[in-house]
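Residue numbers (this note's numbering), protein chains in the order written: chain A, 1 to 509; chain B, 1 to 343; chain C, 1 to 324; chain D, 1 to 324.
In case anyone wonders, no lab produced these hints; they're calculated from the structure. Keep in mind the model is a prediction, meaning the values are calculated, not measured. Glycine is no exception: its CB is placed at the ideal position from the N, C-alpha and C atoms. Be a bit skeptical, because a hint or two may be false.
Covered stretches of chain A, going by a simulated chain D footprint (3 or more residues, C-beta under 8 Å) [unchecked claim]:
{"#": "1", "region": "127-141"}
{"#": "2", "region": "287-299"}
Reference excerpt, derived from the structure (chain D facing chain C, CB under 8 Å, subset only) [as the list claims (entries may be wrong)]:
{"#": "3", "residue": "M124"}
{"#": "4", "residue": "G163"}
{"#": "5", "residue": "L304"}
{"#": "6", "residue": "I306"}
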Amino acid sequence: MNDESINTSKGKTVLLNNISKHFGGIYALKGVNFDLTNEIHSIVGHNGAGKSTLVKILMGAEQPDEGTIFKNGKEVSFSSPREAQESGIAMVWQELANFPNLTITENLLMHRFKYDKFNKIDWKASHETAETYLKRININISPTMIMGKLTLAQQQLIEFAKALSYNPKILILDEPTSALSVTEQQIVYEKVNMIKSQNVSVVFISHKLDEILSLSDRITVLRDGRKIFTKNIRELDKQQIIDAIVGTDKKSNTNNILKPFQKISLKTRKEPVLKIKNLNLKRRLNDVSFNLYPGEVLGFSGVSGSGISDIGKILYGIEQEYSGTVIFNGNEYLPASPGRAVEAGFGYVPKNRKDEGIIPQMTVGDNIVLSALRNISICGFVNRKRRNEIINGVMDMIDLIPREPELRIDKLSGGNQQKGVIARWISKDSRVLIFDEPTRGVDVGAIAKIYSLIRQMAEKGLSVIVISSEFEEIHDIADRIVVLNRGRVAGEIDPCKQRWEDAFALAIK
Amino acid sequence: GEQESTQAGTQKAVVSEGPLAGKAVDENGKPYILGYVLNETGSGWMSANMNYVKSLWERAGGKFYSFVSDYDMYKEISMMDDLMQMEPDAILLHPSDSYAIAPAVKKAKAAGYPVFAIDIGVMGEKVNSFVSTDQADMGYACGKYVLDNSSASKPAQILEIAGGLEQVAAQLRQKGFYEAVETSDYAEVVQTIDTGWSSDVAFDGIQDAFERNPDINVIFSHSDFMMQGILEGLRVKGKLVPKGEEGHITVVSIDADPLGLQGIREGHIDMCAENNPLTPSAVVINIILAELYGVDYKDEYVIEVPVVTAENVDSDARWANLPSGKYDEWSVADQDLFPTPVR
Amino acid sequence: MEIHDSRFKQVTKELAKNGVVIIFISIVIIIALLTNGKSIKMSNILNILVQTTTTGLISIGMTLVIIDRGIDLSVGGIAALSSAVGAICMKQLGFSWGICILIMLLIGLVFGLLNGLAVALLRMPAFICTMAMLQITRGSAHFLLGGTTVYGLPEEHSVFGQGTLLHIPLSIWILVLFTVSGAVFLKYTRFGRELYAMGGNPKAAWIAGINVNKNRIMIYVISGFMSAVAALIITSRIMCAQITIGEGIELDAIASAVIGGVSMAGGEGGVIGTVVGALIIVMVNNGLNLLAVSPYIQTAIKGLVIFSAITADLLRRRKQLKNS
Amino acid sequence: MEIHDSRFKQVTKELAKNGVVIIFISIVIIIALLTNGKSIKMSNILNILVQTTTTGLISIGMTLVIIDRGIDLSVGGIAALSSAVGAICMKQLGFSWGICILIMLLIGLVFGLLNGLAVALLRMPAFICTMAMLQITRGSAHFLLGGTTVYGLPEEHSVFGQGTLLHIPLSIWILVLFTVSGAVFLKYTRFGRELYAMGGNPKAAWIAGINVNKNRIMIYVISGFMSAVAALIITSRIMCAQITIGEGIELDAIASAVIGGVSMAGGEGGVIGTVVGALIIVMVNNGLNLLAVSPYIQTAIKGLVIFSAITADLLRRRKQLKNS
Ligand SMILES: Nc1ncnc2c1ncn2[C@@H]1O[C@H](COP(=O)(O)OP(=O)(O)OP(=O)(O)O)[C@@H](O)[C@H]1O
Ligand SMILES: Nc1ncnc2c1ncn2[C@@H]1O[C@H](COP(=O)(O)OP(=O)(O)OP(=O)(O)O)[C@@H](O)[C@H]1O
Ligand SMILES: [Mg+2]
Ligand SMILES: [Mg+2]
């Protein structure tokens, strides 16, 4: 077995041989083989399939229960990411692993600072180095900015820049584009192709099948911790991959993402639920006005920095330094805080699930019912029966796996955590729901589930705002799309009559 | 009366009358400044001492400042520095630690300030004069009483309720008591509880001690300050039996403060070694005046320990029989150790 | 390491209760052996429980505060002030006893509220805010008592600390009452669940629509109230008010919580564990007294016992981790 | 609110230094006015600085610990033990003075190391670990001294606390030295920056390949060492070893750090702010003494001053925030 694998490891940059890993009762990986040569090798699979676990094992962040790792023919085992780094492997982690309290320079150079002759850190030189790293992925932010102040997109790009700056022989990218909008995604694609040409081997994990198809040389599909297949890109098409990811048995519900939802006609629209006039936010939004009607799904789309997220933040009471009027059901509405917003019947799924979404120490169940507690508690006491009904109900609805309400949510895979945050609002009846990048890191099957749920809710007469820089996605589900461009409304798109490219054109013009 | 009488240093002119009238004022009517650095003001005894000294000095027309270190030595010597910023005419000490204060005393004397100590002395550096009721003597008096009331037939099983054993006062009281009882074969300290001067801890300590050793028949307390905890602790144990009745636990203590005297009257406390804050205060005030007048005085005065029992508990000599907190009403204690000098 | 840590945490959490329980049991056994049984005589068990009541009650409030990533150093000061004012009202102002009890509790609520307002609305760091409040309260107590002991409280006041119900001291019943309601409160009420959310991820909790400020104020009010209840019991046991009441109790309370599995990082732990933690501390004290260990070495031994107990427990969990 | 908070934090951080500096200046002025100038006489300024040295030194080590989300309650105990052993070596064992100094520092290092090992490798909660260590160290000191004071230390020992250099007390130079090197260390060394990284996001620090354990152990060793240095100065000022040395100094040190802008949540603050914080605390003490405020009310006033100063500062920042 071992000799054989050594032979097979010949010529391979990396060979992961028969890797198994379990957490408590859950099997994350079962006998997975994975190999890498000078190529872009993508790993796809549903949320919780085991993708991140596999690369964490390669990176030395997790230790496999079984299996061996070969690098350039030699067996290796890394006990920490540092060791992996030192042997020329770099990784962009799915969940941002940065220092929000420090500058970009420090995030990039943490133990590679430039020192002066007294062996003190030479900040000037260090900042310059950092600047060159940023330039490489042509973003121009001052390296002296504090990481925590940047947008999620900017932070993710900087993580990418950091990984590149190690000049690795092997580059692992775990959903590197999940928070990026189209323009920034392009940057990543270019770089990845470029370094491949400098014979760096790349492992690329993503749920965005289009980028998978356009980038990859080979694709490995994982499902429930098992490898389904590794195939050359030429042997595959989108549908085959989707089937492999969700499993043929579930095939049925995957079709509906491909066919657009039926739209409710403009005529049937009644009085708007929300009338927004001249929304302004310092440096972010400029005279944004729009109406939101009962039963409609209104999309907001734009590239990074367009401020689309701020609209959600204002309506939900997170951002309060705005000016402009919000009319809700005919009377003035001042979103003073999320608490008030929720009372008024708003719901909100933040873009940044890690910082603003999940409560890591709490169970999946508690996370799901968190916002519904006020509705299901009688004189302060939570009605356990209702609670469990809700939790189980919702978990089925958006098939959150593993189906264990009492598991700590930070033990879930990234995508499943996202589902948990969304479930929080599905479990609770509201008047207006706001989703900011709701499908970030969510697998194709689940995206379909989530959007059909959004649609169902809309059909019940509830109004939904979907904020997304995924132009195609939003084109599929929204009744209308308002496109923002540098904080201004660039125009409105009717998905029935116009293509998503039209929206994109407005966003970048 | 408490509050307003404790506004130390507030420049309200104190009506100068009585034997000390106008004593603490120099030729051209400027009041002498007395600075008092002491370790605490939490206990009744220290409060009485500090406020009585203050009252006497203000009756004499002087100006009084007090600095309380709360047993923080480092703070205490810093306070000496703070005090010297105010250029007093004399410095009075009731230090947290006899040795640790020495360098500060040295510095003060070098700077030309006369330094006096009351109740707790200064070791390793000479002060101008030291007036005290000897701490060890008080412990010894308690020990002696226990011996006198125990015999081979009824040996004393002693529970020691210590103050804060990290402090000289407690250490010396313990030392004195042990000196007395160690001479005897039928008196033994079976357990020591360090209470940090807390009634609450004393209460728990009593419970624990009797769990271990139900035969304890004597309790020696370093101070009446813990007495409430001790007596209530005995009460819940069902061992609070008045003197003379079967199962009475002999309680000896130090200070003879109001609580102590009440205990004696109720028969729960057998004896208190009185730690009278008035006498040494009166003496030291006279000595300080002597220094300012250039009159001679000895460098140590020791006041012998009055033993308080049911017989003499109601005497006027008991400082705790004075109106509590009304320090300005307390008359100048008459003592024959050192009379008020004349300029 | 940190990854380990996260896993470690998970185990920690699962075992937290058994963790402290195991420490508890081992200590019980060891002391019982050393004192050949004295320590587990009924009378001593009650004695230990009674001694636990004050720290226990305060550590319950402390638990809530720590779960919310806070800390309350003012508990001892509030207890002292509440005692002082209560005693003065009873003895010197001659208010009726019932009124005095209410006043004592009110003081707890008021200063708890002040803490809450400063921490929640002004965003003052809990440490510095409650430290200042400790000085303010204890200082005021000192000012009011002016170095005297206020004693001779009305007979009926002895009920909390010295009264019994079904042959069991009333104070024990009080502790049990508050422990149970605390546990129920944390597990089954909206407030309880929201509290864990606030501690786990304050920003996310706020965005989930939780009224963080209201809850936070509430927590400190409760902590202040528990201090006042403790004050009732202390004054009732020693039947007087003194400045030394509650000195250093904040450290014991926090230690109880941490030993009991409450994480200073917030979002984890519960009152049962905390009270067991408090029991452990008292038991060690009691054990050393039953063994009549010299007071000069007691402190050091106390520290060693706690340190080794926790170490042993952590190593045990490590092992379990490996084997799992 | 929380977003405010996060933005607020940003501002807080930017203004932290000016924040504490503004408090500092206002307090200087107010006290100077109240004491009509007494407080700013050169002699008193030196007096204040000297008083700041010990808390200041210890709070420097504390700052590192808190930046790493830790806490060190054992500092006072370590100082006491170091003093006790040092004095015993000088006086009773008659070791040469130099050796004794080394032994004193060594004790700081050793117990700091013990803290570090327990916190870093065993993952013992810093609070409980250092609290136990406080009892162990202070307890041992108590045992060694056995309720006596070891006095009569060799003349040369008085240099740290009583010697002067260019007419300025040596202890002040020592504080300045450690403050400056501390500041440089945090800003210009890799370790310094890694420390902030660990405090900001421990898991990310591990992922970034930072040797978290090594650094963490190092931090507690430094804190222990600073305690020993403080012990040198204290024993040199009082020329004896005595059990109450360093009692409660941990609270002052932590308070100094927090007042100085160090966040208990980790990853923020610096030593300059901390030392200014320490200065503020000493100044308030000194001011109340110069004003001869009644000892019965001093503590309460101290608390009030700190509380109001912080409140004023927070409100000021709030305003600035709105206007920005
Ligand atoms: N630390 C952990 N403790 C317990 N279970 C874990 C842990 N980490 C991962 N798991 C489980 O392992 C499985 C695989 O997780 P993994 O993160 O590899 O999925 P993934 O393919 O990356 O999913 P996603 O696309 O959502 O990122 C999931 O079921 C997850 O719940
Ligand atoms: N220049 C800035 N200064 C301060 N905060 C900012 C700045 N830019 C963005 N932010 C914060 O980051 C949040 C995220 O920005 P936002 O999401 O609105 O932009 P976006 O168009 O959605 O781009 P992205 O999708 O990349 O975040 C903003 O709501 C704001 O709170
Ligand atoms: Mg993943
Ligand atoms: Mg966006």
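Status of the hints after comparison with the structure:
Counting residues of the region 127-141 of chain A whose C-beta lies closer than 8 Å to any C-beta of chain D gives 0; at least three are required, and the coverage claim is violated. Remark: the region 287-299 of chain A is not confirmed as covered by chain D, as 0 of its residues place a Cβ nearer than 8 Å to a Cβ of that chain, below the required three. Using the Cβ-Cβ criterion of 8 Å, the hint placing D/M124 at the interface with chain C is satisfied: the shortest such distance is roughly 6 Å. For D/G163, the shortest C-beta to C-beta distance to chain C is roughly 34 Å, which exceeds 8 Å, and the interface hint is violated.
With 8 Å as the threshold, the beta carbon of D/L304 comes within range of chain C, its nearest partner Cβ sitting at about 6 Å, so the hint holds. Annotation: D/I306 was flagged as interfacial toward chain C, and the flag holds, the nearest CB pair being 5 Å apart, inside 8 Å.
In this structure, the earlier hints numbered 1, 2 and 4 are contradicted, and the remaining ones agree with it.
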